[in-house]
Amino acid sequence: MNRRKRMLDDLDQDIRDHIEQETRDNIGRGMPPDEARFAALRKFGNIRRVKEDTRDIWIVVWFERLMQDLRYGIRMLAKAPAFTAVAILTLALGIGANTAIFSVVYAVLLKPLPFTDPGQLVTAFQANSHEGIAETGCSFPNYEEWRAQNHVFSELAGVLAHQLTLTGSGEPTVVNTSVVTPELFALLDVRPLAGRILFSEDGNQGAPPVALVSEDLWRGRFGADPKIVGSSISLDKRPFTVVGIIPAAFRTPFFNTRQEVWIPLRRDPLFSTFMPRRATHMLPVIGRLKPGVSIAQAQAEMDAISERLAGEFPAENSGWTVRLVPLQKEIVGDVRTALLVLLGAVGLVLLIACANISNLLLNRAASRTKEIAVRTALGAGRVRIVRQLLSETAVLGLLGGAAGVALAYWGVQALSSLLPADLPLMNPIRVDKLVLFFALGLSAVASLVFGLVPALFSANSDLNVTLREGGGRSGESRNRRRARKFLAAAEVSLAMILLVTSGLLLRSFSKLVSVNPGFEPRHIVKADISLPRFQYSTPQQWNAFAAELLSRIQAQPGMKDSAVAVPIPIAQGNVNIAFDIVGNPPPAPGTSRTTDYASISPEYFRVMGIPLLAGRSFNQQDISSAQPVTLISRTMAQRYFSDQDPIGKHLDFGLPLNPNTSREIIGIVGDVRDSALAENPGPMVYAPFAQEPFWGANMVVKSTLSASAVAAAIRQQVQKIDKDLPVTDVAKLPDLIDASLSQQRFRAFLLGLFGAMALLLATTGIFGVISYSVSCRTNEIGIRVALGASRGAILRMVLRETLVLAVAGLAVGLPCALAASHLVGYMLFGVSPNDPATLALVAFTLAAVSALAGFVPARRAMLVDPMVALRHE
Amino acid sequence: MSTKDQERRIELLQGTLDLLILRTLLLGPAHGHAIAKTIEFQSDDVLQVEQGSLYPALHRLIKRGWISAEEGTSENNRRAKFYRLTAKGRRQLAVETSKWDKLAGAIARILRPAGQEGQP
Chain B
542 MNRRKRMLDD
552 LDQDIRDHIE
562 QETRDNIGRG
572 MPPDEARFAA
582 LRKFGNIRRV
592 KEDTRDIWIV
602 VWFERLMQDL
612 RYGIRMLAKA
622 PAFTAVAILT
632 LALGIGANTA
642 IFSVVYAVLL
652 KPLPFTDPGQ
662 LVTAFQANSH
672 EGIAETGCSF
682 PNYEEWRAQN
692 HVFSELAGVL
702 AHQLTLTGSG
712 EPTVVNTSVV
722 TPELFALLDV
732 RPLAGRILFS
742 EDGNQGAPPV
752 ALVSEDLWRG
762 RFGADPKIVG
772 SSISLDKRPF
782 TVVGIIPAAF
792 RTPFFNTRQE
802 VWIPLRRDPL
812 FSTFMPRRAT
822 HMLPVIGRLK
832 PGVSIAQAQA
842 EMDAISERLA
852 GEFPAENSGW
862 TVRLVPLQKE
872 IVGDVRTALL
882 VLLGAVGLVL
892 LIACANISNL
902 LLNRAASRTK
912 EIAVRTALGA
922 GRVRIVRQLL
932 SETAVLGLLG
942 GAAGVALAYW
952 GVQALSSLLP
962 ADLPLMNPIR
972 VDKLVLFFAL
982 GLSAVASLVF
992 GLVPALFSAN
1002 SDLNVTLREG
1012 GGRSGESRNR
1022 RRARKFLAAA
1032 EVSLAMILLV
1042 TSGLLLRSFS
1052 KLVSVNPGFE
1062 PRHIVKADIS
1072 LPRFQYSTPQ
1082 QWNAFAAELL
1092 SRIQAQPGMK
1102 DSAVAVPIPI
1112 AQGNVNIAFD
1122 IVGNPPPAPG
1132 TSRTTDYASI
1142 SPEYFRVMGI
1152 PLLAGRSFNQ
1162 QDISSAQPVT
1172 LISRTMAQRY
1182 FSDQDPIGKH
1192 LDFGLPLNPN
1202 TSREIIGIVG
1212 DVRDSALAEN
1222 PGPMVYAPFA
1232 QEPFWGANMV
1242 VKSTLSASAV
1252 AAAIRQQVQK
1262 IDKDLPVTDV
1272 AKLPDLIDAS
1282 LSQQRFRAFL
1292 LGLFGAMALL
1302 LATTGIFGVI
1312 SYSVSCRTNE
1322 IGIRVALGAS
1332 RGAILRMVLR
1342 ETLVLAVAGL
1352 AVGLPCALAA
1362 SHLVGYMLFG
1372 VSPNDPATLA
1382 LVAFTLAAVS
1392 ALAGFVPARR
1402 AMLVDPMVAL
1412 RHE
Chain U
63 MSTKDQERRI
73 ELLQGTLDLL
83 ILRTLLLGPA
93 HGHAIAKTIE
103 FQSDDVLQVE
113 QGSLYPALHR
123 LIKRGWISAE
133 EGTSENNRRA
143 KFYRLTAKGR
153 RQLAVETSKW
163 DKLAGAIARI
173 LRPAGQEGQP
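Line by line, the protein sequences give chains B and U.
For what it's worth, our numbering labels the leading residue of the first sequence as 542, then goes sequentially.
For what it's worth, our numbering labels the leading residue of the second sequence as 63, then goes sequentially.
Pulled out of the complex, with its shape left as it was, chain B reads as follows (with noise of 0.2 Å):
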């Protein structure tokens, strides 16, 4: 701009100095002053077209030499196909991974929530320092007052999730349920399909049951029957008005499974019995920021506010705050830095990939040096040689980012099937402008990385001794060998770094999956029975159900081991409660006693495969009315019983409806994965179901029979017992252990693909360059070999060169392997990320590939005929 400007000046300048000059002539030839002038303004012309014309002419020529130079890299590219072809295929390479990757970086991490300005909105968890909990939900009362209280937010909702069944109208079915407050909607500007959102009197007490439906529920379930909205559905039995249809790209916040309905909190049965409890923190919130405020200021608001409830209810709110993440953060969570992670080694492909053409670069200018000297000496500057070599390469560039971004397109398609289900995924992924734009600028950037380099070399080149050579190719400069050698060595380095992180993902892959869940998954088949709460309220109805249930099943031929158990490991998660030891002090402030739980029938242990290690096992006589017993795991004796025998001892726990029971330990089980498998197992206790009923009845079936049979029995049974009950989420224990490491095979999957990219793209790098060294020193070979040099010499030698580049390569790249196994240490599992055996692996295979990639061209050198070889000239 600076130098546009200058050359405006300067024509003003020389514009003006012509006519004075013009003005002082014509006064030489005897006008008077004025009429000079005149004359001379007359003769010049009109000053402005003049200016004008020429501004455009600085343009024009801009142009021309722009075309030109593309014209002149697209008729050398078309005279070396091979050269041409390589280039681009790998150059698609990178830039179709880049950009897929980054098409999942970009929906999930960058491109704003779909939701009307997205920026104002956060989460409001409670958090209690003193007890260690980072997050949880709110209670409703406390809601309440946040909502009555603040002035920063517009509005707040609580959303919450669980399933119900729906009945009537086809076979009764479970369906995602959102219970809320009503004034998500209005908060989230959901606009509906048909009929209303919900809004806030439909919370209130003694408003009539209304609900939302999805598009898909509607579509799927309901025939797309317009008359839906205002007629009854029946949810856990009880009658719901259809108020209104959701479209099918709305996302309720925190859940990754598609919501197909909503009802407010005040309807829910389960929900709305803890409604009044100010100690019940079940309720995830929301809230919009009013337009202007920070979150700081939303913070210190919310921060008085809490201390205010504090002093108002002490037994409830004491110690307990409130914190604030903007949405997007809290939704993305730890997914963030997995993705991160893909998208750094993706880009060290494309880096390898621009190292690699980058080389090929070098071999052809070289070989053009004779053709660049003969430009250089008829009179092209430095810069305008660049200038072509560097359009030449932007050329190949764009060629590669298309071929690229056609690349993407097949593989965003294939990633969409490979994606973890549980990946937050609020937008959909796709290859759209923006991600185009990502692809495009990248092209631009790695022509630049790839071409800079040889075409500076070239520009550089010694004009007298390139032509005094004759255009061989032994002439080639030292920088320009170092600069092909630094190149394939960067290139080991980068390889090593993705092999390294790759290996220790495939290889705490590898352990995740062998590793003992300590219960035997095999020919279990699992399947819920949830019951509608409305209709079986009370735990002697669950009681009731289950048993019958049971024994029934295990009447049927082929499914005598049976059991019931809430939660099944992995299959449902874990869950969490605390537990008090009867006649211990109580835990010190600020830590508190936490066991998993789980409620189960006799049989669970034989059928499970978990070993019994001390005491007895639960059996029919453990019922509601006899003395609560409990079996705990092997972790929890040798944690809190390390001295002493557990057997006998009494420990106080339940779920919160029953929360304090005292339980007398009747036995030690084995240790159990419950939460994931990559999570080493902590203390566990369980209850008889017959003493802690649960208003479903999760079956666990061993059975040598197909699934489907297995489904198909559980189903008659059930139905037998009530024919309203659906039977939902059948399917094999060791098909959900796999689901469980989806995103680690996910992540496994991907750095492997990459790692083996890397390794492609190293080993023919290092070949296109021994290959070139060897064909440049054909002559200096065969002079060797004629003066007595064994083949084994030659065959030796060029080995060394090898090995030596592979060598230094390795060595800059253990340093950085070790750096980036650091940044992926959370992920692993099972193996170190100093792993010496990965890393010697790694090591040892770029290495052996190196050699190998050596071999080819050296068996040539060691083949060469010294007659031709001295004739190559």
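No lab work stands behind these hints: they were computed from the structure.
Bear in mind the structure is a predicted one, so any value in this text is a computation, not a measurement.
Errors might be hidden in some of the hints.
Covered stretches of chain B (chain U as the covering partner; in silico rule of three or more C-beta atoms under 8 Å from a C-beta of chain U) [stated by the list, open to error]: (1) 550 to 563; (2) 579 to 587.
Computed list of lysine to any residue pairs in SDA-like fashion (alpha-carbon distance at most 20 Å, straight line) [to be verified]: (3) K125(U) x L552(B); (4) K143(U) x R565(B); (5) K143(U) x Q554(B); (6) K125(U) x R545(B); (7) K1264(B) x V716(B); (8) K143(U) x R547(B); (9) K125(U) x L607(B); (10) K150(U) x R923(B); (11) K546(B) x E133(U); (12) K584(B) x K99(U); (13) K150(U) x D610(B); (14) K831(B) x I846(B); (15) K652(B) x R792(B); (16) K125(U) x L919(B); (17) K1261(B) x V715(B); (18) K99(U) x L552(B); (19) K99(U) x E561(B); (20) K620(B) x I926(B); (21) K125(U) x R923(B); (22) K161(U) x L173(U); (23) K1190(B) x T1176(B).
Built from N, CA and C at the ideal position, the CB exists for glycine as well.
Go by the hints and put chain U onto chain B.
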């Protein structure tokens, strides 16, 4: 005169003007006004162009690298911009001149009555 004709004339003049500037500078560096004067003088005032149209042409030649501009002092000791032929421009002049000669020859053959070919 239609616009198209006008364009064609300007195009013709442009090439010619470029050539004339290069020719002028072959004699040595000169500033804008001096170039205009020389062209006027050399072409016997046949090519009556506005002096201003010299400047776009000068800039085109600079951009193509055929001439260069530098600060200097004019005859009457005033600061002025001098234009100088570059090596590339010198070669270009040779190319353009032979092109021009060919064109001029072709025109001459067409314009001369038949049978008089070869006569002076």
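- Message: Output the indices of the hints that this structure fails to meet, ascending.
- Response: none
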